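2 protein chains.
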Amino acid sequence: MAVGHDACLQNKLDMENARVKSTAKVDIVRDLLHNGRSEWETHQRVVGILSQDPVFDKSQRLFMTRSERYKRALAMTTRVYELAEIHNWSHKESALAINLLDEQLPMFLHAIAFEPVFTSQASPSLFSKYASLIAHRGIVGCYLQTELAHGTNVSSLETTATFIQETQEFEIHSPTLTSSKWWIGALGKTATHGIVQAKLILEDGKDVGPHLFLVQLRCLNDHRVLPGIEVGDIGPKAMGGFAPTDNGFARFDRVRIPAENMLSKFAQVTPEGKYVQPPHAKISYGGMLYIRSSMVTSGGWLMAKAATISIRYCTVRRQGTKGLDGLEQQVISYPSTYYRLLPILSRAYVFISLGRKLTAAFDTMSQRLAKGDASLLAETHAMTSGLKVLVTTTGIQDLETARRAMGGHGYSAFAGLGRLYADYLPSATYEGDNYALDQQIVRSALKAYSNLGTSLDYSSLSPTSSYLRLLSPNSSPPSPSLSSWNKPDTSIILLEWRAAFMVRERALCKGEGDASLDQRVSRAVSEAFVASSVGEMIGGLELEERERRVVGDLFRLYLLTTVESALVDLFSFGLFRSGEVGGRDSTRELRMEIKRLCEGLLPEAIGLTDAFGFTDWELDSALGVRDGMVYQRLWDAAQKEPLNEREIPDGYEEYIKPMLERGQRLAGRERSKL
Amino acid sequence: MAVGHDACLQNKLDMENARVKSTAKVDIVRDLLHNGRSEWETHQRVVGILSQDPVFDKSQRLFMTRSERYKRALAMTTRVYELAEIHNWSHKESALAINLLDEQLPMFLHAIAFEPVFTSQASPSLFSKYASLIAHRGIVGCYLQTELAHGTNVSSLETTATFIQETQEFEIHSPTLTSSKWWIGALGKTATHGIVQAKLILEDGKDVGPHLFLVQLRCLNDHRVLPGIEVGDIGPKAMGGFAPTDNGFARFDRVRIPAENMLSKFAQVTPEGKYVQPPHAKISYGGMLYIRSSMVTSGGWLMAKAATISIRYCTVRRQGTKGLDGLEQQVISYPSTYYRLLPILSRAYVFISLGRKLTAAFDTMSQRLAKGDASLLAETHAMTSGLKVLVTTTGIQDLETARRAMGGHGYSAFAGLGRLYADYLPSATYEGDNYALDQQIVRSALKAYSNLGTSLDYSSLSPTSSYLRLLSPNSSPPSPSLSSWNKPDTSIILLEWRAAFMVRERALCKGEGDASLDQRVSRAVSEAFVASSVGEMIGGLELEERERRVVGDLFRLYLLTTVESALVDLFSFGLFRSGEVGGRDSTRELRMEIKRLCEGLLPEAIGLTDAFGFTDWELDSALGVRDGMVYQRLWDAAQKEPLNEREIPDGYEEYIKPMLERGQRLAGRERSKL
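Chains A and B, in that order, are what the protein sequence lines are.
Sequential numbering of the first sequence, starting at 1, is according to the UniProt record's numbering.
Sequential numbering of the second sequence, starting at 1, is according to the UniProt record's numbering.
FYI, nobody ran anything at the bench for these hints, they're computed from the structure.
Keep in mind that this is a model prediction, so the values were computed, not measured.
Be aware that one or more of the hints could be misleading.
Since the list gives no way to pick out one identical chain from another, each pair is judged satisfied if it fits inside one copy or across any two copies.
Claimed, not checked - Here are the computed lysine to aspartate or glutamate pairs in the EDC-like style, where the Cα-Cα straight-line distance is at most 16 angstroms: (1) Lys510 - Asp222; (2) Lys25 - Asp616; (3) Lys71 - Asp650; (4) Lys206 - Glu670; (5) Lys206 - Glu272.
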């Protein structure tokens, strides 16, 4: 680079050139990602309103303490509901706005946990008393399940709710320190009410297991915590994640609530103290499945942010050998960079599309469930569990891969991906720990496999088990060849065979599997389902020729890199032949096809990230800015650092000055000795 | 668990029982890890002094802003040097104390970057002027290399140092925004001086490339930044990492320094303006190699912290199915848990031991280098580069794996691993970006391979290339069998064959490799070297029978899990045979051996983590406490959260109350309409 060459202007130029090079039309692909032009326009309108409102300004966020972040979250909550009223937003538009705030607001918990659980499980009389208050946020709620010593294993929760027939009350009690409710979002400082999960104890002392109870926590006049209840915030989360959310603890010292406050739409206790069982054990699963299915979409959009920020930065960052134009290479052009980033882009497209499919499947199931038909429950459960594990495990990794691909500057908080990572991290644990869900996925696959063994009916398998059809006596796996890698079916069928063989292996092992077998089975099963869904997506792309080709290639990249990550299993079950001893790398053809595909997609990368439609406000990243002027933004951002407010830092007089003076004295003494 | 069962007491009991079950003697293994009884006793003495000093109290750390963390770091710096004087610590003891502080102090940069670079490269006259001041911290320094637009590629740095013959000065100048020095530790607020890397421009305009210059940055009387220099802090780092370090930026506007301030031990500019080249281009590499080699040891100790915290917590955490004793299972007993954690424990042992070996190799090299003998430089460089990549990539992942294995509570900042992760993350980028180092490792391996092709001398290979001996015409790879997995040699030879075949493959590909080939080659080469080192360690364990067996098993676990992670390569080159189509999992024997080994090590796990000798103060983790009383510590820690200082949160009157009142009004209105 010649002296005086302006790398800032070069940033801008590189970004402009990259946009010129992209051939796929951004608006066409954007409409696909946003489910049609009309939804995109709504999205754009809402973003426009939010991003211009000073309450949602993000420029000071990184410098705030948790207490300040909490207060800001309250201000944001108030403002977003004001805006909803001003602009007469529909329920869907309000939900979109809240999603777009890019901040973990305590009020989320009211909307996604407290309200749905109440709505689906309150008795009609309790519902009529509170529903309107809840809908208008006249009370604010939280959902108290996890305790200090128990999470996943709900049946071991220690909190008790004892029926008191004489007064027609329940007594909510925390018998031990470890029965303290813990991690409860919005409980620490915000919620006035909570739905408490507690073991229902009948008057004869009989424990009929965990049930739900509506408990008032704070006084509605002055927000003081009610007598007998001890409540507080559980403290900061790892890496500053979920800073504005007041995850809280609560202990109950024999707190009485009216009997009608039991959420008794299904199970009940009669006034005489008799327990009436629910009609269907899993009738209340709907809410959990909804949250999990929405996690696929939101995970996809997070990957989209990671891909956009990192691909933009690596497009304008130049480093290394100089080309004929005298400029160093764009970092994105290095194989070790694009090989990490383009697959993230492909996963963003896949999971956004898959999320839409899943939401539709969930809606169908809900409609049937409302009519008492639970036939789709098991399949939807299997689908959402598998995808929840896959999207969160992959998404967490992708956020970090994208951050690391940005080298040194990726570690600046202004890069934006560290914050997203810290907030996304617990998704591997909440709504079902991924390792616990793996077990459920394995169980459900084994059940389908064993049903098949009995019925031998290979034709009526559900979509999540359809790979098992391959175990029918007259099918045999393909031998992939160089020429076949460009066909999606090659990858899909291999991934399905892998799932079928893995599940059979697991069945044959019985309890005697190795220590990672269940994780591998779970992954194989989920990836087979996703692969076949991607195959359908490729077939169903309603786009013009050029865009269909480009997006199709992106989906193909997803399939090929998934096959690449499954190589051990494929080798292990003979679906991929190991090389000759001392011969050439037998994975080379597959990997070279991935490289070729990446190189073909490279000129489209900026267009494909633009198509997500993110504004700079949404991304909040100095490295992911639309115009590419990353160095200028880093500089500007640094000037706001509070340490820079004073030239001489606090602590200089007390520590630095005495240290320097002492050192100078000692050095002077030494010198005078010489 | 019966009502009233005290899970807190059970925590304590579980930990005591685990200690009883461990058969390996903790003190014997501890002496091994600490390089002998005497070093352990020093360690213990220093920890005792530090942990009782209120300046090093960690209980408020998580609630502090960056400015507060910075000030605390200054106080800690002052105090640790006071203590060194009070207790008359040796240089080694002081270095140990600073290492033990578990905080990223700005003064680190003075000690590990500024001082060594100055010492090794200053001319004798400059040295005599400043060395004593630097040693006594009469001036505090930083090392200014990276710029906003350039890091890895030093030759493209933009800052200039122009020789002015008339005044016998250099003019330091930042010609562009992007030439701003950036990321410089201790520059933002602390350093009075800096060593600036800048392109040396001779008076005829000739650019002779980057050289080093000592530049005063701040006034020694009042700490004000000197005229012509603009300095500040670059802002927060991702996930709150390196919070107390004032990574800074600097711009120079034609700042003059005396000509003697060029670090001219090797290259020089004569008073007449003639450039004199250094005698050996790589003569100044020593410092960098020292930092990289010390990273292996420190990475090992970080893995040790991760293993200790997570294994302790998973030992006392009970969740899931109840056993005959009526208690739920200890989480550590689940295969999916121990399979994740015990390999981390094994890597901690391996890297701690390897770090010691590397330090010794580095010392030998330095001694020779001091005598002008650079013959060991290339080999030490290859060794440290490969291990730096391996230890940081693996260590980062291990910290997160350990955190995640702790489920929900692992996400609490009080768990302690999130903080370590955030601080360790940049190690993948600093001291050589791992992806850039991969290239160097590949180059060095290819060179050894091509030398071999010319010389056909298989007997004089250096340790890092010794795997290439396998390519001699008369050797052929083994076929591993079930019975051979318990022999370390089986794993070692497989990993060496893999490296040999990967390097040959890379050579055959020339420039036409796939996009991840270099990463795979680099890993294969480094893992072959580590594996053969581990083989030597197993052979050289000077322990009593029982301890030798236990530590040997841990090393074996390292080897087997490394083989497991290398399966794709092993299959690909025919070193592992793929299964029959539709047959059983051909990796099963290997994986079952890993499971058996883990199960054998499980009862020893607490003893093996105790042997690291960490105090609770060192770990600073509510979940990793020695006595196992994790729930009590989480409770105690949460009480200190600043949000809990006031019952009614700031923001209640302004936001929560109006929202509730409005909601109650709307709900009341709706109800009255009914």
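Here is what the structure says about each hint:
no.	hint	result
1	Lys510 - Asp222	neither (59 angstroms within a copy, 74 angstroms between copies)
2	Lys25 - Asp616	neither (21 angstroms within a copy, 59 angstroms between copies)
3	Lys71 - Asp650	between (26 angstroms within a copy, 7 angstroms between copies)
4	Lys206 - Glu670	neither (83 angstroms within a copy, 41 angstroms between copies)
5	Lys206 - Glu272	within (14 angstroms within a copy, 99 angstroms between copies)
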